[in-house]
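Participant: Each chain, written out:
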Amino acid sequence: MSLQRFWSRGAIYLVLIAFCLFYLMPFYVMFITGLKPYEDLNVTRMWDLPKGIYLEGIIEAWKRVAPNFRNSAMITIPAALISSFIGSMNGYVFAKWRFPGSDTLFVLFLVGMFLPYQGILIPLVRTLQIVGLYGSPVGLIMVHCIFGIPITALLFRSYYASIPNELIDASKIDGCGFLGIYRYVLLPISMPAFAVVLLWQFTSIWNDYLIGLVVLSSPRLAPINVAVQNIAGSWSVEWNVQMSAALIAALPTIVVYLALGKLFMRGLLAGSLKG
Amino acid sequence: MSHRYLNRREFLKVAALLGGTAILAACAPKAAPTTPPKKEEAAPPVAKATAPPKVEEAAGELEIFSWWTSGGEVEALNAVYEIFSAAYPKVTIENAALAGGQGQGGNMKALLETRMMGGEPPDSFQVHLGRELIDSHVIADRMEPLDWLYAEEGWYDVFPEDVVDIASYEGKPYSVPVNIHRSNVMWYRPSRLAEVGVTEPPATWDDFFVVAADLKVAGIPAMAIAEQGGGGGFCGHVLENILVSVMGPAKYRGLFDGSTAWDDEVVTKSLEIMDRILDYANRDYLSTSWGDINDRFVSDDGPAMMVMGDWTHGVLMSKGFKDYHWTTAPGTAGLFMVLSDSFGLPKNAPHRNNAVAFLRIIGSKDGQDAFNPIKGSIPARTDGDRSKYDEYLNEAMDDFGTDEGVPSIQHGAAVKQSFLVDYDIGLADLAANHDVAKAQRMLVEAAKVADLGE
Amino acid sequence: MRILGNKTVGQSTSTYRGERGLAASPLRSAIRRRAPWLRGDTALAILVLIPSIIAVAVFIYGFIIWTGYISTVKWNTVVEDHTFVGLQNWIQLFKMDRFHWDLRNLALYAVGFMSQCIVFGFLIAVLLDQKIKGEALFRTIVIFPFAVSGIVTGVAWRWLMQPTTGINLLFVKMGLENFYFEWNAHPKWGILAITIAAAWQFTGYVMALYLAGLRGISEEVREAARVDGAGTWALYRRIIIPLLMPVTFTAIVLTGMGSIRVFDLVTILAGPAFTTDTLAFHMYQSTFGQYRFSMGATVGFFMILLSLFLVVPYLRSMQFEAER
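Residue numbers (this note's numbering), protein chains in the order written: chain A, 513 to 787; chain X, 1296 to 1749; chain U, 132 to 455.
In isolation and in its complexed conformation, chain A is listed as follows (with noise of 0.2 Å):
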């Protein structure tokens, strides 16, 4: 190739390798300095490698955190299975069942997407509480299901659209109904968008930090991330135990985005991207 475009296409390797090391920098800072013992930690020494593994910061991170570790599995794995059903039958309603004012509804739904829960907060405790959820772990799942319902009708609804209507109506024609549909076309070529739908609600409620702040009525019961930010508030906690900490917090999202990232990738397009 000419030497002009050998420049070329190198600058354009050398930007984006210095914009993957500016994505790694922080990852690289928290995976070394969980690797360190206590001694080693100082503020001139931060972005050296440490000099051996030394997993007491770990230890003592999985002792404190494990718990609230559980407590996240226990919420996110019901909730994002149970809010990618509801979506499914949502987004198929909304796709294939069109009824005077069903777009009209649809908007109103995706209004919910977008809201601040700071402008819930105190009536969502309240109601809560008066129906006996609050501080359970059944509260919380409910209503991450509930703050769920926009995002997953909409990325159902979007996949569903995309299925040519006579698919539908030669399965009219053999004699399904609404529910017959859902379960004889529908259901069997979703997977693809369960997968992406589950990771979307998956992360999202693993990462969530407000609503399990707020809902939950003991420390005991705890998600990760309040975990964590309460540790990385708290008097003269070690370094490596509050990074470890964090590492802890990411780590299944980190897993499941590495193993499923295509899937990943696919959901972060539907939801935004119009159909």
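In case anyone wonders, no lab produced these hints; they're calculated from the structure. Just so we're clear, the structure is a prediction, and the values are computed from it rather than from any experiment. Quick reminder that beta carbons are idealized off the backbone N, C-alpha and C, glycines included.
The following label-pair restraints were derived from C-beta to C-beta distances:
#1 Val-643(A) - Trp-221(U): 27 to 33 Å
#2 Gly-522(A) - Leu-366(U): 20 to 26 Å
#3 Met-1612(X) - Gly-522(A): 57 to 63 Å
#4 Ile-565(A) - Val-352(U): 52 to 58 Å
Given the coordinates of chain A, assemble chains X and U onto it according to the supplied hints.
Facilitator: Here is chains X and U on its own, set in the frame of chain A:
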């Protein structure tokens, strides 16, 4: 999106991932079982000033809220729990401790408020003695008065009158103090002071600035300051000691009942001193958090002095640090700025009997003498066993008996929580902008909004 | 027609699964010949939707109204007080110094956050679109930060932004001996420092949007431009950027929403006093830290109103797209 079936591999991957997380979670050590609070053996109706409940054969649970999550604090609380468990082996104690967030105990206080508001109180909770409790839960009619308990346990004779006063609202005490901490202490490093030829720590603020100037020339920060965050409260702590040194205890108390205005020139003078101190503080004081300041203090290039409460003693000791000594904060000799951790009895506590049992222990000689030496505070009782306390604590106990007591602002004795938040924000503003007039305006506004003195 | 790989779907003579349904309900096939089954099924569809409708109506719209109500009463201490005071809280809010700071910070944050995400997101997408080797790897790394939570981001960046270490240390190591910057603790521009951390987390997402958009621009369009003599710069300026306007619009709306809502990051990276205060944090502290419930509700409701400004045009444009 393509409409193909998710191929087998991808589907298995998703299933494996979700399953894997579930298994990992299941392997995590199980948290203590969540038993919803159940009403214990027919708890007697809320007593006014009479019949205390029987506490033999106490069983069930006991949920205690606190923000004691650091070393020293946890052990001290555990020492009390041991005494309790020895007396009531059938009770399972649930220690619900949540650390700060914004300021001391921030998240815990928020959580507590939400639960109290919803009518689901814990059995007891740590709270600063004084306005912090009174203006948050007592006036909302959510706490039981404890005069009957005080009478039964003889606490009126054993707790100093000042302390009982602080604990009381409309004549009845609402919580049981477990300790007394002193706010007006200045910790200093003799070796650092020696570097500029100073052997005695400064006794007044004027003296302080002379020493500070010398230290600055030698490249040593004179004062440790940790004012990270929206309103951390560190400067709030320092300021309360400046306030009392500038205006004297009587006028200081007037700040809380409206007789001293917050725009008075004595407040201006105090803020100016605070501002000046910042010039001699560690350079990164806006990024150092309260939790980190002790590390800074003990480091080789750390500051020479620090005005901080006497829990610092326990922290420094736990770091194995020896190069420090203490004196009263400049200008506050003869004064004892009081703050106290205490426990109250919420109405409708789910396990009331157990809660009352706990309060008895926390107010007892054994309980306090087990708790305080570890915590680094002195007992609220005047009959503590001196032999269990170290040099500093014995000195403090002496002073507590003789010095004049004044209530702390920063630690909830003198003011309500909502004012405290604004007060701390005002001081954070001063730390960032060095505008004394502006900070004072903010304090005046805060006092107005909080109806201080009404 | 050919769908689903090699299976041919069409009339009932195929191996289509619908046959099972057919076999199971001969009665139904009799019924379906009449119009009513259509309406019956639509009723079922609506029935399925009803729980969600109720949930959304209560938990979103109902709560919004409830918050609005609380903002008009006098509940500012622990003692619940529902005395109606109309707009008093609102007037007080608009006079508050803290509120002015919140708005200032919102504007600064939005500008900083939006511009970084859009500029860098677009730039990286363009570079990735140049048929380079390892595109998937680069893409994965850039989106990586999006998978982690605001709290984790804050914990990492708080240490990076410590003046005595972190980024400053890096600069010192590179030779700038006296480099000292307070980053998020800076009394004036701390909020902009926070946008660096926020953009670090979100740029990947915007990049993915742009990448998808770029992929959607067909080769022919680019060829045509090249044939017409447009150089690379003109190609981008005149054709590609305008064609990507919908993506840019989406990015603006999403980053705008993020700016209004930002809470986790600001909690951890807080600077002194109000320098990094946001509406979200103001609401939380007023309500749960100071027990000023009505004030908190006022701030919360204001945030909702602000969000509507962004949401409504966005949804309207979505409807237009759907109708096209």
